[in-house]
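Each chain is listed here by its residues.
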Amino acid sequence: MSDVRQTVAEPQTGGAAPAAAVQATDGAREERRLGWMLCAPAVIVMLLVTAYPIIYAIYLSLKRYDLRFPQDSKFIGLQNYATVLKSSYWWHALLVTMLIMVISVAIEFVLGMGLALVMHRTLFGRGSVRTAILVPYGIVTIAAGFGWQYAWTPGQGYLQHLTGGTPLVHTFQAIALIILAEIWKTTPFMALLLMAGLALVPDDLLNAARVDGASAWQRFTTIMLPLMKPAILVALLFRSLDAFRIFDNIYALTNGSHNTGSVSILGYDNLFTALNLGIGSAISVLIFICVAIIAFIFIRLFGTATPGSDLGGRA
Amino acid sequence: MAATGAQKSGWGIANLAVIAWALFPVWWLVSLSFKVPANIATDGGSFWPTQWTLENYRGIFKLGEFVHALVNSIGIAVISTVIAVALATMAAYAIARLRFPGKGLLIGMALLIAMFPQISLVSPLFSIERGLHLFNTWPGLIIPYMTFSLPLGIYVLSAFFREIPWDLEKAAKMDGATPAQAFRQVIAPLAMPGIFTTAILIFIFCWNDFLFSISLTSTTASRTVPAELGFFTGLSSFQTPTGAIAAAAVVITVPIIIFVLFFQRRIVAGLTSGAVKG
Amino acid sequence: MAEIVLDGVTKRYPDGALAVQAVDLTIADGEFIILVGPSGCGKSTTLNMIAGLEDITDGELRIGGDVVNNKAPKDRDIAMVFQSYALYPHMTVRENMGFPLKLAKVDKATIRQKVEEAAEVLELTAHLDRKPSNLSGGQRQRVAMGRAIVRSPKAFLMDEPLSNLDAKLRVQMRTQVSRLQRRLGTTTVYVTHDQTEAMTLGDRVVVMRGGIVQQVGTPKELYDTPRNLFVAGFIGSPSMNFLPATVENDALICALGSIPLDDNHRRALQARSGEGPVIVGLRPEHFEDAALIDSSHPGVTFDGTVEVLESMGSDVFAYFTLEGERATTAELEELARDSGSVDAAAVDQLVTRLDPNTGAREGESLSVWFDPANVQIFDPQNGDNLTAASAQVSTGQHAADTTGRTED
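Chains as they are written, first to last, in the numbering used here: chain C, 1 to 315; chain A, 316 to 593; chain D, 594 to 1001.
The set of hints was computed from the structure by calculation and includes no laboratory data.
Given the structure is predicted, the values throughout are model-derived calculations rather than measurements.
All residues carry an ideal CB built from backbone N, CA and C; glycine is no exception.
Hints may be right or wrong, so weigh each one.
Stated by the list, open to error - Output of the computed footprint for chain C on chain A, the stretches with three or more beta carbons under 8 Å from beta carbons of chain C:
| no. | segment |
| --- | --- |
| 1 | 373-385 |
| 2 | 502-513 |
Unchecked claim - Taking lysine-lysine and the DSS-like style, the derived pairs with C-alpha atoms no more than 30 Å apart in a straight line are:
| no. | chain 1 | residue 1 | chain 2 | residue 2 |
| --- | --- | --- | --- | --- |
| 3 | D | K695 | D | K707 |
| 4 | A | K377 | C | K229 |
| 5 | D | K701 | D | K761 |
| 6 | D | K695 | D | K664 |
| 7 | D | K664 | D | K747 |
| 8 | A | K418 | D | K664 |
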C-alpha cells in the first residue's frame, strides 16, 4: 500500500530509532535478491557485448593496427584521433550525417504529426491507414533502399523523369534522395509515437477550448503540443540518434560514393576496405562521443522527461 | 461531432494519399521482380510488367548463396528472438514488479544501448570475434542481435507488465497458490500477448539488420539475406542483377509484411507502449 | 473459523516510514470487525499483514492460536476479497470460484458441487460459465465473495469490497454481506474508509489514524463516547460541530453563548491537567428548533440566521455561520483534509439537524435549542475527550498512548 507510506504522519521524530537502524524485512531482502537475479542475465549480456567492446575500441584506437600489416601494431597514443580529426573525410562525413539527421527528422516530424492527426481523427479507413504505414516500418531497409535506387536509375526507374539524368551521382541530389528514402522508411514510426501522444490529449480539453473560442490551429498549438511534449521528446530523441547512425540506405543508394558517405559508412570503409582497425576504432569512438553529445543536448533542452524516467517504478 | 460530407471526403483523400505513399515503393519492387530481366533496363519504369515471369525467383532459388542466406536469416533471427525475449521478460518482470536497488541504473543502461551507434561496436566486435573464433558463425551474429534487441524488449515488456493488475497475483496467493503456481496459472496467461508482441518486434529488428551482418560474416556460413543482397550488386559486372535483387527483396519482405498486417494492432501497441509514458 | 489476535503488530518500511504502530487487537471467533480511517491510516496495511501479503516488522499475529507471522498466505487458510475484486480475466466465473479448491487439489466433483452451492447463495447460477468481463459490477463483486466462501476458510478479509459500486448497489450489497457473514459465522475483518459502512456492518469498529489505533468499540460506543476529537469527528454524518470555548463561572462560553456545566462536565474539567480553553463538541442531531420544544425541557437556546437550509425529507439541515474563531487542531485538520467525511469549508459552520416540521427559512433568524448534557468537552492540547474519560466508559481494548505523540 504505497499510499499509506506517503501520507502517514511520521511519528518517529520524537527521538525514536533513526531510519538507518531499520532493517529490511526478510521479504524485502528476498525481493531484492530476486530482482537482481532476474536482471542479471540481461545486464551481463549488455555489459559484455557493449561496455567491454567499447572499452576495447578505445584501446584499439590508441594503437597503430592495420590488418594488412599486423606485425606493425604498436601503441601510438592519440595519433589515430589526430589523423581522423585532421582529415577532411571525417568532417565531410560528419557534415553529411548531421545534414541528413536534421533535415530528415524535421520533415519526419511535420509529416509524422500530420499522419498522426489523420490517423487519430479520421474514423473511416483508420485501420487500413494504420496497416499501410506499418509496411515501410516492417520492410527490410536495404531492400527498400535498392527499390529506391532502381526507381531513380535511368531507363528502368519510375522516378527517372522527375530529375532527368542521374541524380545519384550528384552529391546534393543524392543526399536529398537518401533523405527521401529515410523519411519514407521511418515516418510511420514517428507517426505512431506521436499518435500515442495524441491519445493522451483528453477530448474534453479540446472541446472546452473550442467552446472558449480557440481555432483549430490554436487548439493544436496551445493544447495538443504542450500535452504531447513527452511523446514528442521521445520520438525526436530516438529518431535523431537513429538517423545519426544511418548506414543501410546510403549503402544501397550510393554506397557512399560522390561524397555522400555518413560517419557510419566512413567507419565501415576504414575497417573493411582499408582494413585499418586503429583508425576505424578511432572513428567508432568519435561517433560514440557524438551520439552522447546529441543525447545530452536533447535531455538538457527538454528537461528531465527522458524516456522511461517513469520506469523508476512503483516504489 | 458529426462530420460533414466534405470533411469526410477530405479525410478520405488524405487516407488514400497516405496509403499510396506507403505502398507505392513496395509495389514497385514487386513489379520489378516479375519483369523479364532483359527488359528491366529499357521498359521505362512501368508499374506493370509488360511480360510476367517467375524467372527472377527461379534464379535466386537456384542460387546456393540465397538459399543459404535465407536459412541463416531465419535461424539467426529466431534464436536471437527467443533468447532476447527470455532475458527481457525476466528483467522486465523485475522492473515492473519488484523493488530493488539498481533498477534506475539498469533502465539507464538499457536506454543507452538503445541509442548506441552500432558502428562503434563493429570494429571491436570484429576484432574480438576473430579472436574467439566467433567471426562468421551464427553465434557471432546472434550475440549482437540479442544484445541490441534487449533494450527494446525490456521497455515494451515492462510497459505490458505494468498493465497487469497485480491484485490478481495477491488474490492467487490468498487462494492458496505458491508463487510458481501464481505465475503459471494467473500471470503468464495474462502476459502472453505482451511477450508475443515483443517477440514480433525483436524478430523484425533482427531480420532487418544489415550492418552487423556484412561486418561480422564473410561467407554463406552465416551471412543473412540483407547482407547477401548487398553483395549481389558487386558480383556481376556485366549485368546489374536488378530483377534478382528485387525478387530477393520481395522474398524477405513479404513474410514481414504479412506478419505486420496480421498483428497490426499488437505491433502498434508494442511500439508505442514504452514511449508514451515517458 | 478462528480467533485472530494481533499482539503489538507493527509495520515499518525499509525507508523508516512507520505504517502501522503496535496494534493490539483480539478478534473473537465469528466476529465481524471493521477497520476504518482516512486513507493512509494503515488499515489496509494491517489487513495485508493479517493476510500475509505484507511482512510483519514487529509483534505477533495468531490465527486460531497458531503464530502465523512467517507463514505464506496460502498456509494461513484465510480468504480475501479485494477492492478491485481481482477476478482472473481469463477464467470463467466457475473457474474463478473453483480456483482455490483446484489449488487445494480438491476433486472435480466436490469443486463443482461447492461452486454451485456458493453460486446459489449469491444468485450467480445463471452466470457460471461467463467471463468476468461480461458481468456487471455487482455481479463481479459477488463472484469475488463467492471465491472467498467456497473454501470455508478460517476468516474472511475484505479490503473495501464495496467501494467500486454505485451508491444504491452499495447499500444493497451491504445488507447482503452482513447477512452472509451472519449465516456463515466466519470471522471477518473488513476495511473501509466509509464510516456509514463501519457503523452499519460491524460488531466492533477499529478507528485508525496515522498507523495508530484510536479507539476500538461497538458502533454505539464510538458514537456516544468517542475517545478523542478524531474519532468524534470521523464517526457520525454530518460530523460533530466543534467550537472553541472557555470556562468561566461554572459555564462554557462559546459562540453559542453560555452553556451551564453539569456534574459530568465539572468532573471532566477537574480531571484535565491544564487550564485554559477547551473545545466543545455537539452533534448536529442534538439540536432542535426551539419552537418545537416543550418549554418545560431544560436546555440552552441560541439565535442565529439560517444561511442554508437543506431538506432531506425526513430531516432538515440548517447551516449557521459562527462568529469568532474556529477550533483547529491537528486532528481536525486531518479530518478536514479527508474530504470524504468533512468539508473543509464547513469547519466554521454550525450544522444542525432539525425536525422537518421546523419553521426555519433561509436568511431568517431561528431560535435553536440543545441539551447541555449532550455537550462533549475535548482537550485542545491532545484531543482527548474529557467527558468520555470522566464518564469512565471503557470502550477500547487497548488504550494506545495515542494522539499526543503524533502531534509533535
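Each hint tested on the structure:
1. A count of 0 residues in the segment 373-385 of chain A with a Cβ less than 8 Å from any Cβ of chain C is obtained; the coverage claim is therefore unmet, three being the minimum.
2. Only residues whose C-beta sits within less than 8 Å of a C-beta in chain C count toward coverage, and the segment 502-513 of chain A has 0 of them, not enough to reach three; the restraint is violated.
3. With a C-alpha separation of about 12 Å, the suggested pair D:K695 and D:K707 falls inside the 30 Å cut-off, and the hint holds.
4. Note on A:K377 and C:K229: the hinted pairing is violated, with a Cα-Cα distance of about 53 Å set against a maximum of 30 Å.
5. Restraint check for D:K701 and D:K761: not satisfied, since their Cα atoms lie roughly 38 Å apart, outside the 30 Å limit.
6. Between D:K695 and D:K664 the CA atoms are separated by roughly 21 Å; this keeps the pair inside 30 Å, and the hint holds.
7. For the suggested pair D:K664 and D:K747, the alpha carbons sit about 15 Å apart, so the restraint of at most 30 Å is met.
8. At most 30 Å may separate the alpha-carbon atoms for a hinted pair to count; A:K418 and D:K664 meet this at roughly 29 Å.
The structure is inconsistent with the numbered hints 1, 2, 4 and 5, although it conforms to all the rest.
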